[in-house]
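Undergrad: Take a look at the letters that make up each chain.
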Amino acid sequence: MSVGKAAVKVVRLGRISYRSALEVQQQHIKQHMDSCSTSPNTLLLCEHEPVYTIGIRQAPYPPEEEQRLKALGADFFRTNRGGLITFHGPGQLVCYPILNLACFKKSVRWYVCELERTVIKMCSTFGIEASTSPDTGVWVGNHKICAIGIHCGRYITSHGLALNCNTDMSWFDNIVPCGIVGKGVTSLSRELGRDVPPEEAIPKLLEAFTEQFNCTLTYN
Amino acid sequence: MAMCTILRCASVSLTSSLPRLSNRNAVTPGRLLARTCYKRTLSTTTRFCAALKFTDKHEWVRVDSGVATVGISNFAQEALGDVVYCGLPEVGTKLAQSDEFGALESVKAASELYCPLTGEVTDVNDALADNPGLVNKSCYKDGWLIKMTVSVPEELDGLMDEAAYERYIKSIED
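Order-wise, the sequence lines are chains R and W. Mapping of the first sequence onto our numbering: position 9 corresponds to residue 9, and the numbering continues sequentially without gaps. Mapping of the second sequence onto our numbering: position 63 corresponds to residue 1063, and the numbering continues sequentially without gaps.
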């Protein structure tokens, strides 16, 4: 039974390579596994250089596909998260909550739902009506504005969500995003018809997060 | 003649005769004997424990004739949501208790699986490749994940029985 609100530390990593961010995530996961008392819940915020990543379902993305995408000038990573292929790049706010679900609710299904609700809540503060669908993620109509893909081991979460702010959307033309044929992608900038950088989205995302997860945020 | 063999085997060694008895069909007295032996065996040795045992990570294991079948509990499958992919090990993989042996994907989340016992993988449920939803629909039966040998039978004694697992779930649902 959780008494009082869980505390979550916000760590802003800025523009960081995908590989480096993976290492930072691992360090924070290890902190959770090593600690005997309070689990150090952390929210990592960053932006990546252009990179395509895939999850544990590797079969649809053989080495030829990897080569094809790398030839376009992006990096490529095979990860241990759920979800199919997605793109990360400048202008996209990437958020990696490294949480111990024991501080919240020990259900991955619940956690993903709360992430979706957080982003929907954030979108509404921009005046954007977003929603969920049978495909995990946050949608504006038939266009995905935020992708979600996570990993959970011993109740410690990693990976997270990727919100398109003023991303160069042409990178998504090279893939079937999240393996969903026939649906598109969008961004805060596209929906609002003006430039919305990740910096503008960060405080709104954090506010929505504290409300939805009923937690307190601390900063470095 | 066959009947004498069955009875002699039963009186000499219950455990070693059990698989033979259970494989015979049609001989009614033999079948009755098998059932009686089976019950007696359960109470005297864990080697033929056919009851479910549980880990604190919500995997179950059932040992039958030295082969352990492993799956996830109803609590676990509900907490995951609809399973869309099962990442399982190859046959022949050697695992220690608590080793990560695979992952299940649901709602774009990959959740690790932890091995309940030490042993070697002898079988993987191929039905899950085309029908991963079996893990949700039939978590204790058709949705089994792997079968493995039992290198350290004593590890079973450290796992929760069904009643203890029910209490465990109640305690974490607070």
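What the hints contain is simulated information worked out from the structure, not anything from laboratory work. Just so you know, even glycine gets a beta-carbon here, dropped at the ideal spot from N, CA and C. One or more hints might be untrue.
Think about it this way: if two alpha-carbon atoms lie no more than 27 Å apart in a straight line, the pair counts; the simulated DSS-like pairs of lysine-lysine are [as the list claims (entries may be wrong)]: (1) W:1170 with R:5; (2) W:1094 with R:5; (3) W:1094 with W:1057.
Among chain W residues calculated to face chain R with C-beta under 7 Å, some are [as the list claims (entries may be wrong)]: (4) 1079; (5) 1085; (6) 1089; (7) 1091; (8) 1111; (9) 1132.
Undergrad: Run every hint past the structure and note whether it holds.
TA: Verification of the supplied hints:
Of the supplied pair hints, the one linking residue 1170 of chain W and residue 5 of chain R holds, its CA atoms being roughly 22 Å apart against a limit of 27 Å. With a C-alpha separation of about 42 Å, the suggested pairing of residue 1094 of chain W with residue 5 of chain R is violated against the 27 Å cut-off. Restraint check: the Cα-Cα separation between residue 1094 of chain W and residue 1057 of chain W comes to about 20 Å, which is no more than 27 Å; the hinted pair holds. About 4 Å separates the beta-carbon of residue 1079 of chain W from the nearest beta-carbon of chain R, less than 7 Å, and the hint is met.
At a threshold of 7 Å, the smallest CB-CB gap from residue 1085 of chain W to chain R is about 5 Å, leaving the interface hint in force. Taking 7 Å as the C-beta contact cut-off toward chain R, the hint placing residue 1089 of chain W at the interface is violated, the least distance being around 13 Å. Interface restraint check: residue 1091 of chain W against chain R, minimum CB-CB distance 19 Å, threshold 7 Å, status violated. With 7 Å as the threshold, the beta carbon of residue 1111 of chain W comes within range of chain R, its nearest partner Cβ sitting at about 5 Å, so the hint holds.
For residue 1132 of chain W, the suggested interface contact is broken, since its CB lies about 10 Å from the closest CB of chain R, more than 7 Å.
The structure shown violates the earlier hints numbered 2, 6, 7, 9.
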